[in-house]
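Student: From first to last, the protein sequence lines are chains V and X.
For the first sequence, my numbering begins at 1 and goes up steadily by one.
For the second sequence, my numbering begins at 1 and goes up steadily by one.
To be clear, the hints were calculated from the coordinates, so they are not data collected in a lab.
If you're wondering where the values come from, they're calculated on a predicted model, not measured in any experiment.
Yeah, the Cβ is synthetic: ideal placement off N, Cα and C, and Gly gets one too.
It is possible that some hints are incorrect.
[What the hints assert, rightly or not] Output of the computed footprint for chain X on chain V, the stretches with three or more beta carbons under 8 Å from beta carbons of chain X: (1) 73–85; (2) 105–114.
[What the hints assert, rightly or not] Sample of chain X residues lacking proximity to chain V, with all beta carbon distances greater than 10 Å (derived): (3) 74; (4) 118; (5) 204; (6) 208; (7) 218; (8) 254.
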Amino acid sequence: MILRIDNLVKHYGPVRAVDGLSLEIGEGEVLGLVGESGSGKSTVGKCVLRLTEPTSGTIELAGRDITHLQRRAMRPLRRDVHMVFQDPFSSLNPRFSIERIVAEPLLRHKVTDRREVSRRVGAMLERVGLRQEMRKRFPHELSGGQRQRVGLARALILEPKLVVADEPVSALDVSVQASVLNLITDLQRDMGFSCLFITHDLSVVEFLADRIAVMYLGRIVESGPTADIFAGPRHPYTQALLSAAPVADPVKQRERRRIVLGGDVPSPLDPPPGCRFHTRCPLAYDECRVTEPLLNDPRGGGHPAACHLVTADRVPDAALPR
Amino acid sequence: MPMAGLVLVVAFVLLALLGPLVTGDPAEQDYLATLAAPSGAHPMGTDDLGRDAFARIAHGAQVSLQAGVLSTLLAMVVGIPIGLVAGFYRRWLDPIVMRLVDVTLAFPFLVFAVGLAAIIGPSLKGVVLALGFSQLPAIIRITRGEVLAVREMDYVAAAIADGSGDGHIIFRYVLPNCASPLIVQATVAIPAAIIGEATLSFLGLGVQPPTPSWGVMLTTAQQYLSDAPWLAVWPGLMIALATLGFNLLGDGLRDVLDPRSHR
Numbered sequence: 001m002i003l004r005i006d007n008l009v010k011h012y013g014p015v016r017a018v019d020g021l022s023l024e025i026g027e028g029e030v031l032g033l034v035g036e037s038g039s040g041k042s043t044v045g046k047c048v049l050r051l052t053e054p055t056s057g058t059i060e061l062a063g064r065d066i067t068h069l070q071r072r073a074m075r076p077l078r079r080d081v082h083m084v085f086q087d088p089f090s091s092l093n094p095r096f097s098i099e100r101i102v103a104e105p106l107l108r109h110k111v112t113d114r115r116e117v118s119r120r121v122g123a124m125l126e127r128v129g130l131r132q133e134m135r136k137r138f139p140h141e142l143s144g145g146q147r148q149r150v151g152l153a154r155a156l157i158l159e160p161k162l163v164v165a166d167e168p169v170s171a172l173d174v175s176v177q178a179s180v181l182n183l184i185t186d187l188q189r190d191m192g193f194s195c196l197f198i199t200h201d202l203s204v205v206e207f208l209a210d211r212i213a214v215m216y217l218g219r220i221v222e223s224g225p226t227a228d229i230f231a232g233p234r235h236p237y238t239q240a241l242l243s244a245a246p247v248a249d250p251v252k253q254r255e256r257r258r259i260v261l262g263g264d265v266p267s268p269l270d271p272p273p274g275c276r277f278h279t280r281c282p283l284a285y286d287e288c289r290v291t292e293p294l295l296n297d298p299r300g301g302g303h304p305a306a307c308h309l310v311t312a313d314r315v316p317d318a319a320l321p322r
Numbered sequence: 001m002p003m004a005g006l007v008l009v010v011a012f013v014l015l016a017l018l019g020p021l022v023t024g025d026p027a028e029q030d031y032l033a034t035l036a037a038p039s040g041a042h043p044m045g046t047d048d049l050g051r052d053a054f055a056r057i058a059h060g061a062q063v064s065l066q067a068g069v070l071s072t073l074l075a076m077v078v079g080i081p082i083g084l085v086a087g088f089y090r091r092w093l094d095p096i097v098m099r100l101v102d103v104t105l106a107f108p109f110l111v112f113a114v115g116l117a118a119i120i121g122p123s124l125k126g127v128v129l130a131l132g133f134s135q136l137p138a139i140i141r142i143t144r145g146e147v148l149a150v151r152e153m154d155y156v157a158a159a160i161a162d163g164s165g166d167g168h169i170i171f172r173y174v175l176p177n178c179a180s181p182l183i184v185q186a187t188v189a190i191p192a193a194i195i196g197e198a199t200l201s202f203l204g205l206g207v208q209p210p211t212p213s214w215g216v217m218l219t220t221a222q223q224y225l226s227d228a229p230w231l232a233v234w235p236g237l238m239i240a241l242a243t244l245g246f247n248l249l250g251d252g253l254r255d256v257l258d259p260r261s262h263r
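Only chain X is shown next, with the shape it has when bound in the complex (with noise of 0.2 Å):
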């Protein structure tokens, strides 16, 4: 199942990078074919205004991979500095950063990417900064633990007695060995945030109408659900493809990077 997972993720990157190459203009309209069904021409069908649904779909994953990737990326540079700190020097920042970490992770991933994408505005940034901040609660907990569980490993204690300062330590001993489950996390946080931007831009709080993206082109699907459900049937196949691999991937790495199994 790992396979499928990394074929069907190779595949998604494929299709946000080249596909755009070989689909037509995304907003090139043929009011000749609107809402035509897939055919030779339109493999995918047309939508309401006579754009290629397959274009818009190629175009879309660009949106969906940056929203997944940036964020992740975003939530992983801020949050695990955040968590080695608190969890590794303890003292007064470990309590403040977690009852902050707590109070946020009170509210559901999306009902506070909703709140943070309101704020920021409509906009790809905004999809961006407002999945990454809502991921960050998460990655600072999941650093934080993982870095109070190997400080107290007694290599940390042999690194200390070897004469090694904090940075030493924290960036050969500490980081080191807290990677797998946050590399495991980012292949959890990749899909959600790809659920998110499709959320917010299905709400109107995303990637705004002329620029297809797969939450946009659900919304303008609704409407024609009788008409051509093949319009709603491609972005939500999409998303699910593209979360179930990343899921079957992360699945895989779990297995690959557990030390026990390196044996």
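Isolated chain V (complex conformation) (with noise of 0.2 Å):
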């Protein structure tokens, strides 16, 4: 296992960002972690990093528990494991120029051979589909998908094992967004990291991501294989977001039902009692209101879902309220 967390906790105050999560990403897996904004995802993708202190729960790197690391120690580590962040604009530094904020991570592990440092920045900038006369130039000087290839150069030059890809392709044009995603699975493929891909939008994770973790106010509701997923969604939430996402056949989009979730998600600061879901879920009954549902598998397959309506011969029907 590249990453194994367990039960991890983040609390912001009383915000309960995510809580009580359980999560592992084998060697060369794609895992693509699904949820609403507020869900507690991108919370997640900062535990791992380090970037903020996890309250409690355990987090392994490649391992080697580095839940609660101390800053320097946690420096050498960082070989292993890099982040893309969601928006081009504020992830790289305005006073370096790409060339140097390439070459960061090299020089900050020791790397400082002149000659080897600028031959591995140029390499790099080729793989994500740089020019080389982007090397002097500044971040303001590039587009957002630009300046996104910066960023994944940036997280892939030390061949970390571990990228934690934060909505890499919401912030940019669709038009750009395809050719970001295509440039991130090639690059996957060629060079086999592990990889954490947060998005709200199941759509693209769809033929990037090996398995899918669905989270729902601080917890994985669902997951499985992607194909399974898409395929046969267990949980209601689950179903809902398939059915909110359209279908490129008009014909299929005509005759398609639609889940429509009513309200928002509720509170963080204070989750709903019993099944997260139940205040907008539409086949919510009383067991619902009173006890939280645990992530089960009784139908197998490696796709578990938080619902007392799976059962080993049953599984729920958002679009046909009881």
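Combine both chains into one complex, guided by the hints.
Tutor: Below, the structure is given as structure tokens:
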């Protein structure tokens, strides 16, 4: 396992951003972590990078417990993990040239031979599809897509074992999104790094992720192989998310039954008792308001869901309210 | 307008640096021509002791420049590191520093400077120290505010992920990105200190009489306002022009240093 998160909790004061989350990512595996804004998915990424201090739980990176490692002790381990940020405009130091930004991880990990640094930066820029004349440019001279390529080059130049990608394309124009997504897919195949891909958009990870985990209010409500999630979502929330994504075929799009969720995500200050989703779930019944369903997998296939209605012989269908 | 500011500032600096070389001795007295009106021999007239007003203006520019630049430099050199550390590390230091800053900011700048100057004692060194420490709270507050904003930027998180240590992050990421508002603040602080020096000297808490200073000149001129009004006009005009120049220059720098205008 490259990454193992066990019962992670992160509270910001009274806000329960992440509230008991476990997940694992194997070598070379891409896990899509999907959730609405406010579900705590970005906080998970920050905890993995140790950009914030977890409240409790454990995080193991390549077999080593990093949960409460000091800043200094964490530094050498940063060879193994880097991050691609959502906002391409605030993630690059405006005072550094592109060359310097991409070289920084090398310089900070004691690769100081100038010719080697220059060679590796050049090779990395080429791999992310940036021309060599970009080296001397500054971030404000680049487009959003180009900046995100710089961010990718910086994250990958040390050939880390794990890359956390926090909504890496959601701030980009739709036309640029596809090319950056394809680039990430190609680089992942070539370099074989594991990836925690955080997104609010299921369709973004459909062709990239090996497995998907769906988050709701700080917890995972369903996880499983990507194809299984798309073919047969088990949790009513996942079903609602999938029904909201448009289908490219107009005939199918018209026939489709949409599940419209009422209301907003409840406040993570005070998550609802019982099942956290019961306030918006079309199938909720008395039990849901009292008992919190655990993530379990009665139907097998490595596809657990946290819903009372998922049993060995039955899967709920949120499109058919009781 | 920024160009006009630059011209005024350059003229002021040249006057301070080169003026004393071309003018005569500012202490030389000519009892035959006391309170003389501007003429060929004395382009700005003479004061009650017959000293050449132009020579005194030129030498006074040196005092003003020193008071303005040195006190601002002092405030920056002491204030920026305090603001950086308080804003970057927060913890217990930040609330302590900021409450102290709040307390000192509660006093008007000049009132605070007058109080400090009275304690330190009247001299150019005293003026620089008093004005420098009076500027300190504003510098700390501005630095800290900028640091708070910058440290939340993703590029700082990226720097941590790169494996950077705190020192590297502070000097390579945080400080350079806080620099523009501080440079602009310097162009506000220098003219404030020039006025501050003139005020302290006018009140007798600054530079002492034999030494020419625009504030000292105003004190003298006050007594002869009806007989020799030009004595008050020259130092007043100089203070106004120097202050205006720095302020206009600051406006220009604000535009140039704004990263959004780089495109």
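Student: If a hint holds in the structure, say so; if it does not, say that too.
Tutor: Structure-based check of all given hints:
1. Restraint check on the stretch 73–85 of chain V versus chain X: 8 residues with Cβ-Cβ distances below 8 Å, three needed, restraint holds.
2. With a cut-off of 8 Å between beta carbons, the stretch 105–114 of chain V has 3 residues touching chain X; three or more are needed, and the interface restraint holds.
3. Every C-beta of chain V lies more than 10 Å from that of residue 74 of chain X, the closest at about 26 Å, which supports listing it as non-interface.
4. The claim that residue 118 of chain X lies off the interface holds: its Cβ sits roughly 43 Å from the closest Cβ of chain V, which is beyond the 10 Å cut-off.
5. At roughly 47 Å, the least C-beta separation between residue 204 of chain X and chain V is larger than 10 Å, which holds for a residue marked as non-interface.
6. Even its closest Cβ contact with chain V, about 46 Å, leaves residue 208 of chain X beyond 10 Å, as expected for a residue assigned away from the interface.
7. No Cβ of chain V comes within 10 Å of the Cβ of residue 218 of chain X; the nearest lies about 44 Å off, and the non-interface call holds.
8. Interface exclusion of residue 254 of chain X from chain V stands, the closest Cβ pair being 17 Å apart, more than 10 Å.
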